[in-house]
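Q: This is what each chain is made of:
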Amino acid sequence: MSSHSSVAAHDAAHDPNLKHHFENADQQKESASIGMWVFLLTELMFFGGLFLAYFVYRQWYPEAFIAASNKTDVLVGAINTTVLICSSLTMALAVHYASKGRRELLVLFLIATLLLGGIFLGVKGYEYHDKWVHHEIPGEHFECHGCADEVHTQLFFSLYFGMTGLHASHMIIGFGVLLVLIWQAWKGQFSAKWYTPIEMFGLYWHFVDIVWIFLFPLLYLIDRVGRPLL
Amino acid sequence: MIAASAPVKEQKNYLNAENGLKSWLLTQDHKRIAILYLLSVTVFFIVGGLFAALIRLELTTPAGDMLDSNTYNKVFTAHGVVMIFFFLIPSIPAILGNFLLPLMIGAKDLAFPRINLLSWYVYMLGGTLGVIVLATGGVDTGWTFYTPLSTTYSNGYVVLTAMAAFVAGFSSILTGLNFIVTVHRMRAPGLTWFRLPLFVWAHYATSVIMILGTPVIAVTLFMLMLERGLHIGFFDPAYGGDPVLFQHLFWFYSHPAVYIMILPSMGVISEVMSTFCTKKPFGYTFIAFSSVAIAVFGFLVWGHHLFVSSQSAYAGMVFSILTYIVAIPSAIKVFNWAATMYKGQVRLTAPMLYAIGFIGLFTVGGLTGLFLAAMGLDVHVTDTYFVVAHFHYVMVGGAIMGYMAGIHYWWPKITGRMYNQLWAKVSCCLVFIGFNLTFFPQFVLGYMGMPRRYHVYPAEFQVLNVLSSGGAAILGLGYLIPAVYFLWSLKYGAPAGDNPWGATTLEWQTSSPPPTTNFEVTPVVTTEVYDYTNAEVPHIV
Ligand SMILES: [Cu+2]
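Chains as they are written, first to last, in the working numbering: chain B, 1 to 230; chain W, 1 to 541.
For reference, chain W alone in the conformation it holds in the complex:
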């Protein structure tokens, strides 16, 4: 491999094709836009993480000794809003999806490069509004903006925060629209639907949710802003409205939004599993269609957030059953990944470790979701730390583990450099241990009755809370180390070569980093997807 990259003259690629800030800020290259997203999303991840640190610090003692209750409300709201709207939702689609989708389908770019750039600016505008809110005093409604708390009683900047989320939503609509058209119309000759990598299937399904769900949260926030700002009311009973309607509209988007966050991760896991088991994913078509099934059924389960919000018991039963049903396609994926590993040539690289971690943590998150879908149990644990632990197992244990797996897997393609495998494996273990230490105690706390969103708690809950805060410190360290070795690799990492992992999908057939036009010649696909018959399997240290 070293011999292959011997020519001394540096190849032109998307990174060095042009120089200067302007060439980045006005770029229409999907790969450069992905880098813009990578940088900005990372900043928001750090901001959201700092708020998480404040929460865990406050909760090390039962008394509210560090933050008063009002500040605490603002801190957990900021944590939720930043992490969901500005980190989790754009993370994999806007960074890895943007970078990889055209490469995986042998296209020169996404269908609408200018709209792609626009989406980043829209995202940054939303982010700026969010930062203004944080800098001027924050908002205390929780990321859910429930009315009439948000529209009548809150003393924070509700309209501006809603506007931030509203604007950021349009960036994800634009991304989804671009992906859908690209997958339909930009595939290379011979690349049929069932030759598409599962990452592409996952992003297609994600895009469907983005374009169908996001406009609904947009109009909901629009109504919220009218009610709060202009007293044109829809939800507050004082205006004749019904706050439960807000909850319906909000969760009609926000439950599917969970799949906007987790489906792209599942796509990453399918790729990583295939490459490092050196075999076609077991049940390729099942995994592909399960992504579509999740996108469809994900829209029919929102009522499980309203079991205690005056929804009728019969509606509750229907939503409960539908929620069980939506777990089936997720389970199909987990079984298929496990079957892929069975009798595969498993190579335990850093991305593979993250992927295996994903399977374990996501399974716990998914199964506890079934507990919550059972109405009787849900009444007991509604608004407790059990719910908090559940969705962090899905969002952090699932979505972020998948994101980390993806960044580690495609880093050599994106930058052309290898990072240190040992450090990467160590930090993956730290993340896994730190994560479980943070959130497993919260299941117990929730089951014992500790409610979420309070900064004080009875003294008997302290041991578990201290464990959780300690775990959070380890988790934070686990996220910090990759920043170091990734930056290190940019300068000192060994050149990666075109295909360091021995993968089969198209993005590995061009150089690393890829040239601006992605491929010298538009590839023609003649083989089935994940065909390892002629693949060389490199040994990776």
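This is chain B alone, in the form it adopts within the complex:
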């Protein structure tokens, strides 16, 4: 233990990325990693409240939820799901090349992730606009022609906007962080020895993707069996 820490202390003198209050780089990296996982745990609880509301109301009003869900555009949702899965791949590749110290490829895949994230948000914006045009936004102007249970159809759309809105806000924050990371990567601030921010952001990005992986079936695919998909 003691010989080990003196080696680390020797390293520390040369490591500009080691904060003064850590003993060595391992301790710093482990701290960042635990911190990120704890943060994702809080995110899980954060989304959890909305998921709970969804499950309670879907259990109570299955018919209205099916009817409302069938009003969503599966094709657009599926495209966005694909886009997001691809962005997870590019993000994973970015982390991989960061660990190899390949600056250009790191920047390239971060930009690819940024673009895919941008496409997702753009498509989401299109969907929101579509809902606006069709008076499917809850509130005074909500209309549902031919709905058997209008008030609970509206409740579905409240959950739709609450859940996808919270998810989209996480995408927007991720978008902003990505811009900073791309700038830092471009300036060569990361190396094979130290790329913790890239790795931590990767965890965040995958988490946001996974949330969507749950949102897509819950909101778009409740009961499409035996119905024309498009």
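The set of hints was computed from the structure by calculation and includes no laboratory data.
Be a bit skeptical, because a hint or two may be false.
Claimed, not checked - Keeping only pairs whose Cα atoms sit at most 30 Å apart, straight-line, the calculated DSSO-like set for lysine-lysine is:
#  : chain 1 : residue 1 : chain 2 : residue 2
1  : W       : K343      : W       : K280
2  : W       : K425      : W       : K343
3  : W       : K343      : B       : K193
4  : B       : K19       : W       : K22
5  : W       : K491      : W       : K12
6  : W       : K343      : W       : K279
7  : W       : K491      : B       : K19
8  : B       : K19       : W       : K108
9  : B       : K29       : W       : K108
10 : W       : K22       : W       : K108
Once you have looked at the hints, place chain W with the ligand on chain B.
A: Leaving out everything else, chain W with the ligand in the frame of chain B:
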């Protein structure tokens, strides 16, 4: 001790290491951030206290002669929101926890100093939103924001108030996250989990609740804001929702939040008990694990707030039993503290008096909680002053007594100065007497049927209400005097020395006030925790 601090040249410490406002506002030193929190939390304590004074003034007479009902609603809401979100929740963790956690584990700082500073700014942003609400007309929903009152019928600034609490919540998430990582990864060599001071165990458990519970209130308030502000409804039946779902989500956080407020106090009491009984706390491991048990079981009892909210009787029974169970770890602590005092060398210093006061008042608060967990009795006293008295015994008699014990105990470490013991003991007695006079009559009032949240009441309740208001005046005085002698001590107090109480935990092994890096050399821990075999026990006047 005086001889030890004889060198005339003033030592560099965290207070005089740098000067100027900027060095404070941009500091990443956990000790300075703790001071920032101390100042801002104290301001909110005063604000919340002034609203309490308005409530007690109004209630001295049965008629609503000072405040109309609408204003009264806003006043008690302001009292609750300010005291809970801006005083009680940050008080001990963000001030004492921030200051002491790294010192107690022999670290140079918390794991994420910048996030620590960010948490203070986030807190201040939430506080600013809260102050804007108060300045522009307030809100009348009660601190519980029950729907559909809050989302449809209230005529106050609900969205802004919810936003204030929402933002403040993120500050406590950041603090909790920082504490968890720090305890896991920043301990000094040799400092195993079972050598950690009980204060650290208590803060670890508190942090777990903060990171698991706070996001749930955040998303609940998010839904509330959507419903109120954008008519994207979740709870109001007019939108197809169910208001009881709000109550479930709200209390899923807000019951554990009680433990966010009381667990850190319990941590303080364990430290104070050990030092002033000059012995290792009886049942160290039991006290440590009871903190964890409280954090876990605290999440399973929220339904006791819904006994009269259409919850099924069977669910009620389960929640009732679980509530009895969560009392066990609290009781374990109380028994262990009592056993620590038994045959200990008890020194009745000011912090010790506060700690003993805590045990008495918290026990009353906890036991009346069991009354309320019994469904039959709860139906009788729901929404009466019995409930008000119960949670004030826990929050004020428990949490604030613990906070006061902690401030008195660590003041010499934080400032390097001693305060006047006699004045401190006098004010502790005033607090104890004033507190009981304020809140004990409220148990009786509640049992007789006086409902909470009304500004008028039948004339036969006046005697008890006047007693309560008189007690509140004494209590207020008891909180005011410490402000005087603490400020006095900053200039005229005797230098404290490194370890004025003869305590054994690591924070007392560095100088007072500590240097910016906490320790000259990272300490290596070779002895068990609370080892008094070689301790000198100073005589304190
Ligand atoms: Cu409770």
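Q: If you draw a straight line from the CA of K343 (chain W) to the CA of K279 (chain W), is it 30 Å or shorter?
A: Distance of about 10 Å is within 30 Å: holds.
Q: Given the hinted pair K343 (chain W) and K193 (chain B), is their alpha-carbon gap at most 30 Å?
A: Violated - the C-alpha atoms of K193 (chain B) and K343 (chain W) are around 57 Å apart, more than 30 Å.
Q: Given the hinted pair K19 (chain B) and K22 (chain W), is their Cα-Cα distance within 30 Å?
A: Distance ~21 Å between K19 (chain B) and K22 (chain W) Cα, so the pair holds.
Q: Check the hint pairing K22 (chain W) with K108 (chain W) against an upper bound of 30 Å on the C-alpha distance.
A: holds (22 Å)
Q: Between the alpha carbons of K29 (chain B) and K108 (chain W), is the straight-line distance 30 Å or under?
A: Satisfied, since the Cα-Cα distance of roughly 17 Å is no more than 30 Å.
Q: Are K491 (chain W) and K19 (chain B) close enough, with their CA atoms no more than 30 Å apart?
A: violated (35 Å)
Q: Decide if the proposed pair is consistent with the structure: K19 (chain B) and K108 (chain W), CA atoms, cutoff 30 Å inclusive.
A: holds (11 Å)
Q: Straight-line Cα separation of K425 (chain W) and K343 (chain W) no greater than 30 Å?
A: Judged against 30 Å, a Cα distance of about 23 Å means the pair holds.
Q: Between the alpha carbons of K491 (chain W) and K12 (chain W), is the straight-line distance 30 Å or under?
A: Holds - the C-alpha atoms of K12 (chain W) and K491 (chain W) are around 17 Å apart, at most 30 Å.
Q: Need the status of pair K343 (chain W), K280 (chain W): alpha-carbon distance at most 30 Å?
A: With a Cα-Cα distance of about 12 Å, the restraint between K343 (chain W) and K280 (chain W) holds, given a limit of 30 Å.
When each numbered hint is compared with the structure, violations occur for hints 3, 7.
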